[in-house]
Amino acid sequence: MKLFITGSKGFIGHELVRQCQENGIEVIGADRADGFDIREKSAIDHIPQKVDAIIHLASLSSDTFCRGNEYECFDNNVMGTLNLMQAAVTRKAKQFIFASTEWVYDNCTSEQVKTEESPINIANHTSEYALSKLVSEANLRQKYQQGFCPTTILRFGIVCGSVSAKKSAVESLFLAVKDKNEIQVGSLQTGRCFIHVSDVASGIIKSLGLDGFHIINLAGDRLITLHDIIETSKQILGRNPKIVETDPHNVSVRNISNAEAKKMLGWKPEMTVDTWLENLRSLV
372 MKLFITGSKG FIGHELVRQC QENGIEVIGA DRADGFDIRE KSAIDHIPQK VDAIIHLASL
432 SSDTFCRGNE YECFDNNVMG TLNLMQAAVT RKAKQFIFAS TEWVYDNCTS EQVKTEESPI
492 NIANHTSEYA LSKLVSEANL RQKYQQGFCP TTILRFGIVC GSVSAKKSAV ESLFLAVKDK
552 NEIQVGSLQT GRCFIHVSDV ASGIIKSLGL DGFHIINLAG DRLITLHDII ETSKQILGRN
612 PKIVETDPHN VSVRNISNAE AKKMLGWKPE MTVDTWLENL RSLV
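Numbering (the working numbering), first residue to last: 372 to 655.
By construction, these hints were calculated from the structure, which means they are not laboratory data. There could be a bad hint or two in this list.
[Unchecked claim] With a straight-line Cα cutoff of 25 Å, these simulated DMTMM-like cross-link-like pairs (lysine to aspartate or glutamate) come out:
no., residue 1, residue 2
1, 549, 618
2, 465, 393
3, 537, 592
4, 538, 411
Predicted model only: the values in this text are computed from it and were never measured.
Based on the sequences and whatever the hints tell you, model everything.
Have a look at this one:
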């Protein structure tokens with residue numbers, strides 16, 4: 372099996388390449404760090420004929436990077452994806468796997484679990500990042516209906532697992548408990564279904580060879596609040612800093628179901644947030 376991966380040196384891409392190599396899967400990686408640009412027509416030159424899958428991870432990959440930067444966001448995330456889709460046709464790729472995000476879901480509450488069938492009202496979105504991913508999802512669906520190769524859209528939950536600059540709330544709060552005597556958070560009840568980067572990579576590999584058109588959530592097993600992260604970190608580190616809620620009523624919750632991934636891919640997350648926090652103690 373041979374794969375072409377964009378964003379191969381990014382946070383998720385690096386781990387995916389590592390797991391592919393462990394599983395004897397041949398990888399051709401392309402990354403902006405090496406001068407690769409998904410928007411350039413020359414991108415096709417990197418893709419082998421009849422590649423088993425194009426795994427498209429490269430993008431402006433957060434709301435922070437995209438907010439107030441609409442042109443650059445859509446030029447990279449939408450036009451870049453369209454360019455790769457055309458390259459996939461020319462190179463007769465056997466599958467196209469697209470990295471989307473849980474941010475495409477709107478009107479999220481702790482009581483409502485979002486599934487792949489949950490309706491999405493694009494008019495409710497104010498995030499350029501979420502809009503760019505939704506547009507690319509729609510483009511892929513339309514292209515598949517016109518005869519495009521099997522297409523898998525993976526909506527990632529909030530990914531943890533970094534000890535470098537790109538940290539999630541999991542690592543940031545753990546370090547705050549470790550180093551600070553007072554921690555300020557908006558609302559302790561804010562929560563996400565955090566997923567470790569190793570489980571994201573394994574989910575991508577599990578989706579290889581999937582036929583048809585599918586949208587699948589890759590998220591953690593349960594909702595983890597900021598309060599949960601802080602309390603677990605305090606127990607692990609034996610510290611008890613003062614916690615100050617600056618906006619306790621402004622609760623942001625995204626409760627994302629991973630049931631379809633378990634059913635469709637035979638996948639499940641292996642690294643829980645609690646285990647990752649335990650591991651962090653020896654890494655930082």
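Hints, verified against the model:
Distance hint between residue 549 and residue 618 is fulfilled; the C-alpha atoms sit about 23 Å from each other, no more than 25 Å. At most 25 Å may separate the alpha-carbon atoms for a hinted pair to count; residue 465 and residue 393 meet this at roughly 22 Å. As the CA atoms of residue 537 and residue 592 are separated by approximately 22 Å, the hinted pair is consistent with the 25 Å bound. Proposed proximity of residue 538 and residue 411 is contradicted: the alpha carbons are some 30 Å apart, above 25 Å.
Consistency note: the structure conflicts with earlier hint 4 alone.
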